[in-house]
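Sequence order for the protein chains is A and B.
Positions 1 to 166 (our numbering) are the ones given, in order, by the first sequence.
Positions 1 to 103 (our numbering) are the ones given, in order, by the second sequence.
Just so you know, the hints here were simulated from the structure itself, not pulled from any lab data.
Here a beta-carbon is modelled for each residue, glycine too, at the ideal position from N, C-alpha and C.
Misleading hints may appear alongside valid ones.
Claimed, not checked - Label pairs and their calculated CB-CB ranges: (1) I164/A with K4/B: 34 to 42 Å; (2) G154/A with E54/B: 41 to 49 Å; (3) F132/A with N2/B: 36 to 44 Å; (4) M95/A with S22/B: 33 to 41 Å.
To be verified - For lysine-lysine, the following DSSO-like pairs were computed, each having C-alpha atoms within a straight-line distance of at most 30 Å: (5) K9/A with K59/A; (6) K31/B with K102/A; (7) K9/A with K69/B; (8) K6/A with K88/B; (9) K98/B with K97/A; (10) K88/B with K4/B; (11) K54/A with K133/A; (12) K59/A with K76/B; (13) K76/B with K27/B; (14) K9/A with K31/B; (15) K98/B with K136/A; (16) K54/A with K6/A; (17) K4/B with K69/B; (18) K76/B with K102/A; (19) K6/A with K76/B.
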Amino acid sequence: MNNKEKPLKKVCIICAKGAIEDVYASLVMTNGAVMEGIEAKIFFTFFGLDAITKKRMKKLRTATVGNSAMRMPGNIPFPTILGTLPFVEYGVSAMMKSQMEKLDIPPVDEFLEMITAGGGEIYACKLAMDMFKLSKEDLSEHVSDVLTIGDFYGMCGGENTQIIFT
Amino acid sequence: MNQKEYAGVSVEVNDDGYMTNSEQWNKEVAKAIAAEGNLELTDKHFEVLEFIREKLASGATLTIRAIGKSGIVDIKGFYQLFPGAPLKNATKIAGVPKPASCI
């Protein structure tokens with residue numbers, strides 16, 4: 001028996017949440033796989049659909065309430081009550097985006113383009129689309145198809161394939 | 001540190017096969033490294049390689065996005081020029097360190 005590790009061949013990533021950090025974690029992992037020459041597919045469902053919905057993708061936010069890891073610049077604790085004030089969530093989200101831009105992390109639409117340019121595939125969940133009353137026209141041009149979860153699983157076969165739920 | 005000979009030049013490489021002294025690089029060395037991956041370099045490849053070398057020499061972090069904005073190739077073109085893992089392959093051929101970038 002040969003115990004040598006075999007390299008990862010394919011990743012199938014499921015993004016079910018729509019906050020900035022959830023979406024970006026999924027996008028970085030997908031694009032990171034593509035960059036390594038690993039076959040990558042990403043399936044957006046529930047609030048994750050915001051990331052591929054044209055009207056929503058530029059307006060992702062990070063939650064300032066109920067986010068215990070939240071800090072102000074300089075590592076100062078972020079009082080939850082502050083997060084409830086009007087526009088604080090927008091301000092924090094804008095700050096996150098500007099920090100990411102400095103690291104050359106692209107906006108969501110450009111990230112999707114980078115993934116498909118490298119051969120990655122982007123899918124939307126049919127059930128969640130029906131729930132949110134979305135049609136294919138509402139989605140980014142980089143979305144290949146609207147699938148059932150069964151269809152998506154059908155694409156996740158093969159040796160050294162991992163399904164990652166974020 | 002290992003020594004490896006490319007196009008008659010003995011270069012220092014690390015365990016991953018990346019050159020550790022980019023001064024030892026020249027076009028012939030690049031062609032020989034590329035040939036190991038069955039890649040034949042065109043003028044377009046060299047334009048990208050030069051861009052990568054200049055970018056890193058200026059101290060900037062290298063990302064696929066930056067290459068896509070270089071005006072030389074778009075991202076799709078970059079994947080076509082250096083198939084598989086383009087940033088890894090291109091930096092290896094450019095004689096610069098393996099990029100420590102997630103994007």
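Quiz item: Taking 30 Å as the top limit, are the C-alpha atoms of K59/A and K76/B close enough?
Solution: holds, 27 Å
Quiz item: When you check the alpha-carbon spacing of K54/A and K6/A, does it fall within 30 Å?
Solution: violated, 39 Å
Quiz item: Between K76/B and K102/A, is the straight-line Cα distance small enough, at 30 Å or below?
Solution: Measuring from Cα to Cα gives roughly 23 Å; hence the hint holds.
Quiz item: Given the hinted pair K6/A and K88/B, is their alpha-carbon gap at most 30 Å?
Solution: holds, 19 Å
Self-check item: Pair hint K98/B and K136/A, alpha-carbon separation not exceeding 30 Å
Solution: violated, 40 Å
Exercise. Would you check the hint for K31/B and K102/A, treating anything up to 30 Å between C-alpha atoms as holding?
Key: violated, 34 Å
Quiz item: Going straight from one Cα to the other, do K76/B and K27/B come out at no more than 30 Å?
Solution: Within the cut-off at roughly 24 Å; holds.
Quiz item: CB of M95/A to CB of S22/B, is that within 33 to 41 Å?
Solution: Holds, since M95/A and S22/B (Cβ atoms, about 37 Å apart) stay within the stated range.
Quiz item: Between K9/A and K59/A, does the CA-CA distance stay at or below 30 Å?
Solution: violated, 33 Å
Quiz item: For the pair supplied as a hint, K54/A and K133/A, is the alpha-carbon distance within the 30 Å limit?
Solution: holds, 14 Å
Quiz item: Hey, K88/B versus K4/B, does the alpha-carbon distance stay inside 30 Å?
Solution: holds, 19 Å
Quiz item: Is the gap between the beta carbons of F132/A and N2/B within 36 to 44 Å?
Solution: violated, 56 Å
When each numbered hint is compared with the structure, violations occur for hints 3, 5, 6, 15, 16, 17.
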